[in-house]
Amino acid sequence: MFRYEVLIGLEVHMQINTKSKIFCECSTQFGAEANSNICVICTSQPGVIPILNKKAVEGVIKTGLALNFTINRRCTFARKQYFYPDVPKNYQITQFESPLCSNGKLSIIVNEREKIINIERIHLEEDTGKLLHKIGGKKLNYSLLDLNRAGIGLMELVTKPELSSPQEAVEFLRELKNIVEYLDTSECNMEEGKMRCDVNVSVRIVGQKKLGVRVEIKNMNSISGVKDAITYEVQRHKKILNSGARLVQETRFWDAEEKVTKSMRLKENILDYRYFTEPDLVPLYLSNCFIENLYKQLPELPRIKKARFIKNYNLSEYDASYLTSSKMIAEYYEDALSNLDNKNSVTKLLANWISTELSAKLNASKICITKSPISSKNLSKLISLIQNEIISGKIAKIVFEEMYEKSIDPEIIIKKRGFTRISDESVITEICEKAIIESPNAVAEFKIGKKRAIDAIIGLVMKKSKGQADPKLVNKILIKKLN
Amino acid sequence: MLKSELNDVAFVAKIFINDVEKERYLKSINEMLDYVKILLELDINNLEPTIHVTKLRNIWREDVVKKCSNEVINQILNAAPEKEGNFYKIRKVIES
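Top to bottom, those sequences are chains V and Y. Numbering of the first sequence is given in our numbering, commencing with residue 1 and proceeding in unit increments. Numbering of the second sequence is given in our numbering, commencing with residue 1001 and proceeding in unit increments.
These are calculated hints, taken from the structure and not from any lab test. Glycine included, every Cβ here is placed at the ideal spot set by N, Cα and C. One or more hints might be untrue.
Lysine to aspartate or glutamate pairs mimicking DMTMM-like chemistry, simulated, CA-CA at most 20 Å apart [to be verified]: (1) K139/V x E1082/Y; (2) K139/V x E1031/Y; (3) K1066/Y x E33/V; (4) K134/V x E1084/Y; (5) K476/V x E430/V; (6) K19/V x E1062/Y; (7) K80/V x D1008/Y; (8) K130/V x D1008/Y; (9) K1089/Y x E33/V; (10) K1067/Y x E33/V; (11) K1003/Y x D272/V; (12) K1055/Y x D280/V; (13) K218/V x D86/V; (14) K115/V x E317/V; (15) K227/V x E278/V; (16) K1083/Y x D272/V; (17) K105/V x D184/V; (18) K1089/Y x D280/V; (19) K1014/Y x D272/V; (20) K1083/Y x E33/V; (21) K89/V x D1008/Y; (22) K138/V x E1084/Y; (23) K54/V x D1008/Y; (24) K1055/Y x E278/V; (25) K130/V x E1062/Y; (26) K1092/Y x E317/V; (27) K134/V x E1082/Y.
Some chain Y residues judged to face chain V by a derived CB distance under 10 Å, without partners named [what the hints assert, rightly or not]: (28) K1003; (29) L1006; (30) F1011; (31) F1016; (32) N1018; (33) Y1025; (34) L1040; (35) N1070; (36) I1076; (37) Y1088.
Take the sequences, apply the hints, and build the full model.
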């Protein structure tokens, strides 16, 4: 048996966040009626000329700047020829020799170790139309074509083959998705096909210089799919190599139902694409000023935000990681915090409520935090009720349940259900007296020196007051009575 | 031109040529290339490669949506050989 080394490269396509398509003014709206967002340009009628969307260029450059890329000041577009019904022009406009961004990097953390993954390029290109091969569950013996997606701007990011396990590929995609969501240059919504990924896998014997035979797995649309497909493909390669047989360079696809990869076609030769400079689009000459201006627009990125959360809010590494794991959660946290007085004393309490109670609820009902039934404002009200000792932590949980269910202000719930803390000494004294009468054993034990016996009596008082009595007062009054 | 380059050209042009034809084509293509070699004598060190014939640069538009009229969309769809609802109906492209 040989020891093998796995090399994985990713090609990630992300739909650039623009309102209109990349070369025409059609809308990019998802889920519109078939062929309703089309025009003479994106259906490629004779004689039409594409006009570049400036915002798409800016989106790619911003992404490049956030990932430490060199921005190429001069770039051109290219035609990539291929014949498939989802490409109406029979070529795709893309970039070949001079992409917008070259040589970037992204740091990932796997098993608590940092690894830098080099990224070759990010270029701008247009998406294809969408083919339908079945309606509902019924397979068709023809295909249907919808060109709404044709001509939507994509950025394609190509890594070096430096990832060496499915876990690293997953971490890379998560980190990339997170950064791009922060930048707001793509929604990265994999379910809507706004982020798709091709995976290149090759396996070679450790120590061998030459790369192994490369297999490309096309069009993965979930991170878990990427993980499963790589795991499967690596096993397949090792099995073939162990048997002494040879691997073929080919394109495969992941069958998510059968959990196997299947051969699609032999990999086309790069000559097949007959790349040449796109004569319909003029070159881009980007000024330093243009690029600097975009650099200034970059938001605070996740790693920096996390460090700031740890430093300014005194949060643990764990809490800060969770809160910055998505832009939306971080925004929710800071929104809620901004509503609170005495911010410094509640940063941790608020973080806990979000990372435990709220996230558990949202996960269970598969709701994104931006659509949380408990608004950041209402959660901050709840936190301030706890902090000001108006309600106990125990009651807060009951109130929280109702807030989630009915999406209302905690103060309304407390008023309606009479949950406010009792801090009237005479009322508490009365409850304490009853509790003492009802706990003769505990009282006896307390009197012979077992101080802990008082806990049972406190418990009874809390029960009688439905958790509303102020525990500090209860303690004080009980001690006074018992001595 | 090398034989390997000729093979590439034939591949891209999707034509099959046999070995006898290859020799013949190679000879005549190289004669043509030799003739235009005269251009290599020009000093172009101070010239930038022409990537586009016009001097226009950075032609772009703002990200604004303007819907194409339904009339034009209908014309586009009606020009298709076959339709089904609003879709283009085409021959099956995936065998499974």
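Pair hint outcome, K1014/Y versus D272/V [Cα-Cα no greater than 20 Å]: 10 Å, holds
Restraint status (C-alpha distance of K1055/Y to D280/V at most 20 Å): 13 Å, holds
20 Å Cα cutoff - pair K1092/Y, E317/V: 54 Å, violated
Straight-line alpha-carbon gap K139/V to E1082/Y, limit 20 Å: 19 Å, holds
Chain V contact restraint for F1011/Y - C-beta distance below 10 Å: 6 Å, holds
20 Å Cα cutoff - pair K1055/Y, E278/V: 15 Å, holds
Hint status (Cβ of Y1088/Y to nearest Cβ of chain V, threshold 10 Å): 4 Å, holds
Hint consistency between K134/V and E1082/Y [alpha-carbon to alpha-carbon, up to 20 Å]: 17 Å, holds
Pair hint K1083/Y and D272/V, alpha-carbon separation not exceeding 20 Å: 31 Å, violated
Hinted contact L1040/Y with chain V - closest CB pair below 10 Å: 22 Å, violated
Given pair status - E1084/Y, K138/V, alpha carbons within 20 Å: 16 Å, holds
Pairwise hint evaluation, E317/V against K115/V, where the allowed Cα distance is 20 Å at most: Roughly 19 Å between the alpha carbons, so the hint for K115/V and E317/V holds.
Figure legend: structure checked against the earlier numbered hints; hints not met, in rising order: 2, 8, 15, 16, 18, 21, 23, 25, 26, 28, 29, 31, 32, 33 and 34.
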